[in-house]
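Following the hints, complete the assembly by docking chain W onto the known chain R.
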Amino acid sequence: TQLLEQSPQFLSIQEGENLTVYCNSSSVFSSLQWYRQEPGEGPVLLVTVVTGGEVKKLKRLTFQFGDARKDSSLHITAAQPGDTGLYLCAGSGAGSYQLTFGKGTKLSVIP
Amino acid sequence: DVKVTQSSRYLVKRTGEKVFLECVQDMDHENMFWYRQDPGLGLRLIYFSYDVKMKEKGDIPEGYSVSREKKERFSLILESASTNQTSMYLCASRGVTDHYEQYFGPGTRLTVT
Chain R
1 TQLLEQSPQF
11 LSIQEGENLT
21 VYCNSSSVFS
31 SLQWYRQEPG
41 EGPVLLVTVV
51 TGGEVKKLKR
61 LTFQFGDARK
71 DSSLHITAAQ
81 PGDTGLYLCA
91 GSGAGSYQLT
101 FGKGTKLSVI
111 P
Chain W
1 DVKVTQSSRY
11 LVKRTGEKVF
21 LECVQDMDHE
31 NMFWYRQDPG
41 LGLRLIYFSY
51 DVKMKEKGDI
61 PEGYSVSREK
71 KERFSLILES
81 ASTNQTSMYL
91 CASRGVTDHY
101 EQYFGPGTRL
111 TVT
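So the sequence lines, in the order shown, correspond to chains R and W. In this text, residue positions in the first sequence follow our numbering: the first is 1, and each later residue adds one. In this text, residue positions in the second sequence follow our numbering: the first is 1, and each later residue adds one.
Keep in mind that the hints are not guaranteed to be accurate.
[What the hints assert, rightly or not] With a cut-off of at most 16 angstroms between alpha-carbon atoms, the simulated EDC-like pairs for lysine to aspartate or glutamate come out as follows:
#1 W:K3 to R:E15
#2 R:K106 to W:D38
#3 R:K103 to W:D38
For the record, the hints were derived by calculation from the structure and aren't laboratory data.
Isolated chain R, as found in the complex:
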């Protein structure tokens, strides 16, 4: 069974601070996605990383896939209140229909 561990579970920071969220596993994934979910809504796809060592940027968000494709990180620069939400990582093994989800990091950015 593939597992994804996310840390930290909760994060409360002031506007303008930087933060990093981690997603770790002992399993290799063929791809990994990051989602953001706002309260009462469904998760929204932010990015997919596929290649080991890959780095993708989405405005102030930087996503990295580990070289061995077992872990990933999300770094937010100069966090804003609009970044508040639940961040989920999800990975898929080769040929699998299913995604393995982490339990999420709940981020609160205080103005």
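Relative to chain R, chain W alone:
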């Protein structure tokens, strides 16, 4: 943009009632999924369908069934609702050409009293 819609945002049902949750996607995706999301437990897969009339059990299928008669529509059925099925239910779809990305609907918050 992919659009996944769910029939209700909020639903309140009584114990023992039969409950239907419907999901429709507009991107001609082959695969569709039903999850429930509970605090501390994350997203758990109930059922998924990889084609019309095809279904597979996920991690927690007990107490649920599904129906997929048309490609765009995937229904989740609670045969006899119980209070422990109070949860947020999320539908998702995926095309076979994507890197396994799933696109989610807005969710249905179901309360069983």
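Consistency of the hints with the structure:
1. W:K3 to R:E15: Given pair K3 of chain W, E15 of chain R is violated - Cα atoms ~32 angstroms apart, limit 16 angstroms.
2. R:K106 to W:D38: Distance of about 14 angstroms is within 16 angstroms: holds.
3. R:K103 to W:D38: Holds, because 10 angstroms separates the two Cα atoms, which is no more than 16 angstroms.
This entry does not satisfy hint 1, going by the numbered hints stated previously; all others are met.
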